[in-house]
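Chemist: Below, each chain spelled out in residue letters.
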Amino acid sequence: MIRHLLKLVWNRKRVNFLIMVEIFFSFIVVFAVIFMAVYSFDNYRKPLGFRYDDVWAIRVQNSQGMPEEDKVNQLATFRALLAATKEFPEVETAALTWLAPYGRGDWNSGRKSKDGSNFDIGQNLASDDLKEVLGLKVIRGRWFSREDDGVKNYKPVVINQKMADMMFGDEDPIGKNVAEPSRDNKPVEELRVVGVIEDYRNRGEFAEHRGFMFFRHDLQNSTEIHPQTIIIRVRPGTTAAFEEKLLKRLQAEASEWSIEIRPLTELRDRMLQQYLVPIAAFGLIAAFLLVMVGLGLTGVLWLNVTQRTKEIGLRRAKGATRHRIYRQILGEVLLIASFGVLIGVIVVVQFPLLDFFAFADPQIFAWAVGISLVMIYGLAILAGIYPSMLATRVVPAEALHYE
Amino acid sequence: MTTTSAAISQPLDTQAGVELMIRLEEVEKVYRTDRIETVALTNVNLAVRTGEFISIMGPSGSGKSTLLNIIGLLDVPSSGKVVINGRTINSYSDRNLSRVRNEEIGFIFQTFHLINDLSVQDNVEIPLLYRRSMTGGERRRLAQEALDRVGLSSRVHHFPSQLSGGQQQRVAIARAIVGKPRVLLADEPTGNLDSQMGDEIMDLLEGLNEQAGTTIIMVTHDPRQAEKTERIHRLFDGRQVN
Amino acid sequence: MLINYLKIAVKVLMRRKFFTFISLFAISFTLVILMIGVSLLDSTFGPGIPETRIDRTLGIFKIEMRCPEEECTWISPGGYKLFNRYFQNLPNIELMSLSTEADLSYSYHQGEKIPSYLKRTDGEFWKIMEFSFVEGGPITTEDERNANFVAVINTATRHKFFGDQQAVGRTIEVDGQRFRVVGVVDNVPYLRQIPFADIWVPISTYKTGLYRDQLMGNFIALIMAPSSADFPAIREEVQARLKQVEFPDPKQWNQISAHAETFFERSSREMTGTPAREASQPLRAMVLIFAAIMLFMLLPTINLININVSRIMERAGEIGVRKSFGASSWTLVGQFVLENVLLTLIGGAIGLILSRFALDAIAKTDFFPYASFQLNYRIFLYGLAMAVFFGLLSGVYPAWRMSRLHPVDALRGAVQGGVR
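Chains as they are written, first to last, in my numbering: chain D, 2 to 404; chain Y, 2 to 243; chain U, 5 to 424.
Since the hints were made in silico from the structure, they are not lab data. This one's a predicted model, so the numbers in the text were calculated from it and none came from an experiment. Ideal Cβ positions, reconstructed from N, Cα and C, are used throughout, including at glycine. Hints may contain errors.
[Unchecked claim] Sample of chain Y residues at the chain U side, in silico, Cβ under 8 Å:
no.: 1; residue: S92
no.: 2; residue: D95
no.: 3; residue: R100
no.: 4; residue: I116
no.: 5; residue: D123
[Said to hold, decoys possible] Here are the simulated BS3-like pairs of lysine-lysine, each with C-alpha atoms no more than 25 Å apart in a straight line:
no.: 6; chain 1: D; residue 1: K246; chain 2: U; residue 2: K211
no.: 7; chain 1: U; residue 1: K85; chain 2: U; residue 2: K211
no.: 8; chain 1: U; residue 1: K164; chain 2: U; residue 2: K15
no.: 9; chain 1: U; residue 1: K85; chain 2: D; residue 2: K249
no.: 10; chain 1: U; residue 1: K255; chain 2: D; residue 2: K249
no.: 11; chain 1: U; residue 1: K117; chain 2: D; residue 2: K246
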């Protein structure tokens, strides 16, 4: 049967080639969108590592960024602002950081993994209270505390499980140095891991799952990178009216600074939109393309059947059952689709081989290929059903009528 | 066939006075596919004088349609020479052949081959569409004239599906003569018609031959119709037989 | 001849309505997507209120500083000092203006938090941009010189604060500062990044004067010339002025580069990722846009080609007849391409109507604030050009296949094997 179908398909190669090309490009389009969706969904399933409800981010900046001078004064102002937030009963806890979760901007650096490949990690500042404000889960060692006051020779850091896995595998990361070796062999300050948290995905649910590292900041040392954000946990049910009150109070403390209060839920909505809108837009376009291809394919197959009335009639006259004709036509469609899909898979498989999608698990890749295959075959079957049914209606006598 | 042979034996440039409309010399046609060669015509010589009405007969597959297609420049001989109205067809470029077909030849088919989507008028105008610098008004006038000639001037706005088979063939004849070609090639023009309609069509063709002096070559199965022409050529297995 | 072709084309369209539907669906959908893209591009780059003079306006949008080892770069909009000290009195220009990038700022009004984009400008800004005023007038050079706390707001902001009542003369509070409203303008679409804001106030109302001492900051300079013919001279002068820049700490930063560029060149820079030290590559951006269009059109084109090729059989008889009566292959190619272009034009017309609805729907989402996508004659022409282009693209191959049909086969109705 398959050999017979292959022969039939080959003999009509000119017509079938175009169908195959169309299937091939459809597969590529479907794969691109499905891959994006599967990748995002997979990220969405992973734990976020922090809580965002009833958490507000207060971004405080000197109006025009931070000039190098005056850093000591600025730190004093920052301390005063932090103290001012704690005056209010609505504020349960307050901490400082460099950049709030879901915030614009990022702070990265590179590391070498255990197997020698390079990867990027995210970084941030944290005061001792940040764990409580964001509800971070420490799974090994401990979070920053007064114990770390006055340590010399090294800086304490807390990393997430992903970074621990990447750099140390099964070994215990506590007490290890995670500093990035310098290129010119100058001595680098040790970064000593004091704890491992479950996770902290500051760019949100849909973003890449990556290593993360917190530096401790205690608002004393002005030579360090300065925090820019006060992050507070408010009592549930606190409204925008309090936001105004808080802003007035802070603005009074630092009249020349620009202060911006935003609940994390607001920032989260904006960031999710940034991830979802492109997927939705491409998904919509791809869906339309598929409907178009499906209709087009139905039409082409339909015309093919009408042009082959004689052949089909002859088969019927020689004793082929309706069912057999139906299977033959549908089988041909699926065979052509398989060729298109096969080339598509061959092309698509090159991407991970060439390291284009190094950021995604091979598993995600396999899922995306699998779902795309199901969709394309589904499309081919849908497009083939009506023409195949049409073929079964050919009466054997037509073959003899045909001139 | 003696006259024919005599004509062919003369060199081309000395026969101006003989007024040959069509001359085929040693024409051969072989169809080649991947695996097999099919010989459709071998060593066919034919000379048709201007104003002659001849018929070609033979069983199915004898090559008579192929011969007609070669005369009509719809098909290209594998070897041999085709001369039409003094023009030796040695350049088989598409543009060249198209022009000769348009100016010199009119086709009539067994199954009429009218375009169902076009009215009678538009169908008849088709050959004129491919003439440069002809206005729409002129085309309409010539089409009207041709339809008058076949007695269908009242049906200009009908569509082919609204006409009987005989009427459709008349429209096809009008289309064939609208460009005033010197040669009409008719491939079994009565084959799809009953004998009465067939006779009417034959009368029309004979009239065209006698009154306008149009050279007509007709392929037919029907000995009764062939008898009405001046000469009958017979083909068998791609060869001329007497 | 044309009329004959059109008659046949219409007949063919009416004969197999399902196929006509498939074709028109594909064409109109394809053109809707393209029209949305073009419309977005046009509302970003095309002239429109208030950017009515962009054909003779240049801007300095991004500055790049480098440190002595060239290993570090700092890219940001320019600082006030850079423009104020080094770019005074440029020759061959009509006006020069400074304004900041629009920044989110917040107001609290009757217990509600209102976010708005705030932009600080000088008086000249209002002479380069032609805003359409609903009430009052622009910020003036005196306002900027005297640091008057005045503001121009858009109608959306007026609605939020004053509920569509007259706003001129009343005050609004933004980021803890109070401004007297002097003018109300029609909303400026977010896509017009240079003039866009909700509230415009004088630069000199900044909370501190620190901005006056900075080479890097968040200022963009707009330069309006008498005509675009003056652009080369201005660009040269800008380069000459940059050479005069003195660095406060040459050990840290000692090189500076920037370009005076058109608004399209600015976006091209972002699209192609051209660093600020190199000249923008608008040509490359256009190639990118074109490539994206082609990539998108690939599948619809193959689809239409596929349908058209499959329908060749239907036309076999006609092709045979036309060839017998003297149509050359090229004449037939012309006919079939023309038919396909006609089809795409009909699809284009449907697409134009559909894209009207699609664009309205997009404008209603707040993804492009204040967007009102007008289908102006430019977009119509683009749409027409794209429809014709699409028609040619998807028509030529099937037409060529059709024209190559051997007349004998065509008449016999046996084109199973295709072309001989």
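Chemist: Now look at each hint and say whether the structure bears it out.
Modeler: Each hint tested on the structure:
Nearest Cβ of chain U to the Cβ of Y:S92: about 13 Å, over the 8 Å cut. The hint is violated. Checking Y:D95 against chain U: minimum C-beta separation of about 5 Å stays under 8 Å; hint holds. Interface restraint check: Y:R100 against chain U, minimum CB-CB distance 7 Å, threshold 8 Å, status holds. With a least beta-carbon distance of about 5 Å to chain U, the hint placing Y:I116 at the interface is held under the 8 Å criterion.
Because the beta carbon of Y:D123 sits about 6 Å from the nearest beta carbon in chain U, less than 8 Å, this interface hint is met. Proximity of D:K246 to U:K211 is assessed by CA-CA distance (about 20 Å); at most 25 Å being required, the pair is judged to hold. Proposed proximity of U:K85 and U:K211 is supported: the alpha carbons are some 17 Å apart, at most 25 Å. Restraint check for U:K164 and U:K15: the C-alpha separation of about 57 Å exceeds 25 Å, so the hint is violated.
Restraint check for U:K85 and D:K249: the C-alpha separation of about 31 Å exceeds 25 Å, so the hint is violated. As the CA atoms of U:K255 and D:K249 are separated by approximately 41 Å, the hinted pair breaks the 25 Å bound. Taking the CA atoms of U:K117 and D:K246, the gap is about 12 Å. The hint holds against a cut of 25 Å.
Taken one by one, the earlier hints fail for this structure at numbers 1, 8, 9 and 10, listed in ascending order.
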